[in-house]
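> First residue of the sequence shown? That's 1 in the working numbering, and the numbers climb one at a time after it.
If you're looking for bench data, these hints aren't it; they were derived computationally from the structure.
Fair warning: this is a prediction, and the values are worked out from it, not measured in the lab.
Where a beta carbon is used, it is the ideal one built from N, C-alpha and C, also for glycine.
It is possible that some hints are incorrect.
Simulated DEER-style distance windows between Cβ atoms [to be verified]:
#, residue 1, residue 2, range
1, Arg269, Gly114, 53 to 59 angstroms
2, Glu199, Leu283, 18 to 24 angstroms
3, Thr237, Ala29, 38 to 44 angstroms
4, Ser81, His141, 30 to 36 angstroms
5, Leu262, Trp148, 43 to 49 angstroms
6, His141, Leu28, 47 to 53 angstroms
7, Glu24, Arg239, 35 to 41 angstroms
8, Leu309, Trp148, 41 to 47 angstroms
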Amino acid sequence: MHLSVVIPTYNRRPILEKCLRALEQQRLAAPIEGYEVVLVDDGSTDDTIAWLEREAGDFPHVRLIEQDHGGPAEGRNRGVSHARGDVIVFIDSDLVVTPDFLLAHASALSAAWGRQGNRLCFTYGAVINTSNFENPSAEPHKLSDLSWAYFATGNVAIDRELLERAGLFDLGFRLYGWEDLELGERLRQLGVQLVRCPEAVGYHWHPALRLEQVDDLIRVERERAKMGLVFYRKHPTRRVRFIIQFTWLHRLLWELLTLGGLLNERSLRPLLGWLIRRGHTALAMELLRLPLNRLGVRALFAEARAEGLR
1 MHLSVVIPTY NRRPILEKCL RALEQQRLAA PIEGYEVVLV DDGSTDDTIA
51 WLEREAGDFP HVRLIEQDHG GPAEGRNRGV SHARGDVIVF IDSDLVVTPD
101 FLLAHASALS AAWGRQGNRL CFTYGAVINT SNFENPSAEP HKLSDLSWAY
151 FATGNVAIDR ELLERAGLFD LGFRLYGWED LELGERLRQL GVQLVRCPEA
201 VGYHWHPALR LEQVDDLIRV ERERAKMGLV FYRKHPTRRV RFIIQFTWLH
251 RLLWELLTLG GLLNERSLRP LLGWLIRRGH TALAMELLRL PLNRLGVRAL
301 FAEARAEGLR
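Could you build all of it, start to finish, from the sequences and the hints given here?
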């Protein structure tokens, strides 16, 4: 089995270095015959490309592919088109993996193929969220790290031929969100099974919450609402409604939890600032998720009304 790790990146140079160095430290054994890292730079404006050209000798497994800024869906598709492996591993450029990461995916895939008698499956590794830049892998696994998503490209491995049969990523998802779960719906329709692989561990780094980020997080929620409707138009099912929170149940839930909007990004700002100053950034983020979810669901319903969807 030859693996191609496909990574789209955009202005992530500091954490990208940790990501790539971890991938160069992989322990190899059967069924792995070899691997490569296909890094797709999505029009970065920092020094990502210049840095990688300077440090190329440290990254013998990395092949750099460049494109104009087109988003992660286009980047992943381009990466697959340049990949040489028969198995594609998708991770994000802010994921720092363990030395047995690729071997865990390869072993779990090989075992599942043998059990099923076909390759209609993919492996889904563990993602541990952390804001510890200096030592991401020091973060313990938390209940909040659990994910019930069917196909999320932060940490998955899949047979290349199967992926191409499903049609790769839809480039209609130009803004933030849902392009991987939409591909997951097509894989589900092909009868593809999810195989959990908790041994394939990746530490997902993101900076600790700052009040200056709130406006950007609001923008992301509005983009997710727009892309959520792209997802629903392609798959107008009850399951997709629940995935994107396009139900009256979700609308009622977030209205209740925010007291009808009394708890919002403005009214919570003093409390968020107090928590951040005392180092409780994770708690501040969880608190902020309440009004962000309400905002996202309201934006989704507003977009649906504008488009005549019900």
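> With reference to the structure, classify each hint as holding or not holding.
Here is what the structure says about each hint:
About 55 angstroms separates the C-beta atoms of arginine 269 and glycine 114, a value consistent with the hinted range of 53 to 59 angstroms. Separation of glutamate 199 from leucine 283 is about 30 angstroms and departs from the stated range, judged on CB atoms against 18 to 24 angstroms. Judged by the Cβ atoms, the range 38 to 44 angstroms given for threonine 237 and alanine 29 holds: they are separated by roughly 42 angstroms. For the pair serine 81 and histidine 141, the supplied restraint of 30 to 36 angstroms holds, since their beta-carbon distance comes to about 35 angstroms.
A hinted range of 43 to 49 angstroms is violated for the C-beta pair leucine 262 and tryptophan 148, which are about 30 angstroms apart. Distance hint for histidine 141 and leucine 28: a CB-CB separation of about 25 angstroms, inconsistent with the stated range 47 to 53 angstroms. Distance hint check for glutamate 24 and arginine 239: the Cβ-Cβ separation is about 40 angstroms, which falls inside the suggested range of 35 to 41 angstroms. Checked against the hint of 41 to 47 angstroms, the C-beta distance between leucine 309 and tryptophan 148 comes to roughly 25 angstroms, which is inconsistent with it.
The structure fails hints 2, 5, 6 and 8 (numbered hints given earlier, in ascending order).
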